[in-house]
Every structure is written in C-alpha cells, then in structure tokens.
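Sequential numbering of the sequence shown, starting at 1, is according to our numbering.
Rather than coming from a laboratory, the hints here were simulated on the basis of the structure. Heads up, a few of these hints could be off.
Now the in silico label distances, taken between C-beta atoms and shown as ranges [claimed, not checked]:
(1) E13 / K38: 30 to 38 Å
(2) D91 / R49: 56 to 64 Å
(3) K16 / A57: 56 to 64 Å
(4) M40 / D5: 52 to 60 Å
(5) A56 / A7: 49 to 57 Å
(6) K36 / Q9: 54 to 62 Å
(7) A68 / F33: 41 to 49 Å
Cβ atoms here follow ideal geometry from the backbone N, Cα and C, with glycine treated the same way.
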Amino acid sequence: MDGRDDAWQAFIEFSKRGFVPGDDRERWDIETFPPKQKRMRKSPMTLARAMQQASAAGVAVNSATVNADGSVTLTFGKPVTAQVSDETSEDLRRLL
1 MDGRDDAWQA
11 FIEFSKRGFV
21 PGDDRERWDI
31 ETFPPKQKRM
41 RKSPMTLARA
51 MQQASAAGVA
61 VNSATVNADG
71 SVTLTFGKPV
81 TAQVSDETSE
91 DLRRLL
C-alpha cells in the first residue's frame, strides 16, 4: 500500500509489534481501564407477573392493587367464599 490508509497501516503495525509506531511510551506505561458496566433498568412489576409469581408459589391472593406509581400490592390469605343466591346473581346481570 502506498500509505493512503494510515489507520489500516497503524493497525497492521500494532498487530505485528503490539504498539503503534510513533508512540514512545513503554508497554507498562500505557494505562488500560476495564470497560464500563452497562446500566440496566429493572423492568417494573406488572399485575400479571405478580399474579403468576404468587400462583407459582402456591399462595392464594385475596386482592391485588395497582398503585399510581405503578407498583403492585398483593394481599394474601384464604379466599373469601361468598354464598351467591339467585337474587344477587340476577341483580348483577341487570347491572351489567
């Protein structure tokens, strides 16, 4: 090559000798730093994911609340069984 690609030539020299021509520092004088860790944003808890985790743990959920800030609050315990009569089910049908 006739020197038109200086960056490529410098890379070839670096790979051959382990240093860049024109750099008068010794190898032990060159400071290297570990790469910075990427910042990972923790994904917010969703109601569906919270319910799946409770189900996988085998815990009964009485109620679930999604707060204004996006957090999820679960209340655990035995489920409350309500006796549904025909009158209340008909009232519910009319409301819906």
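Evaluation of the provided hints:
For the hinted restraint 30 to 38 Å between E13 and K38, the CB-CB distance of approximately 32 Å keeps it satisfied. With their beta carbons about 34 Å apart, D91 and R49 fall outside the hinted range of 56 to 64 Å. Between K16 and A57 the Cβ separation comes to about 60 Å, which falls inside the hinted range of 56 to 64 Å. For M40 and D5, the hinted distance range of 52 to 60 Å is not satisfied, since their beta carbons lie about 38 Å from each other.
A56 and A7 have their C-beta atoms about 54 Å apart, which keeps the hinted 49 to 57 Å range intact. Taking the beta carbon of each, K36 and Q9 are about 30 Å apart, not inside 54 to 62 Å as hinted. At about 42 Å, the beta-carbon gap between A68 and F33 stays in the expected band of 41 to 49 Å.
The structure shown violates the earlier hints numbered 2, 4 and 6.
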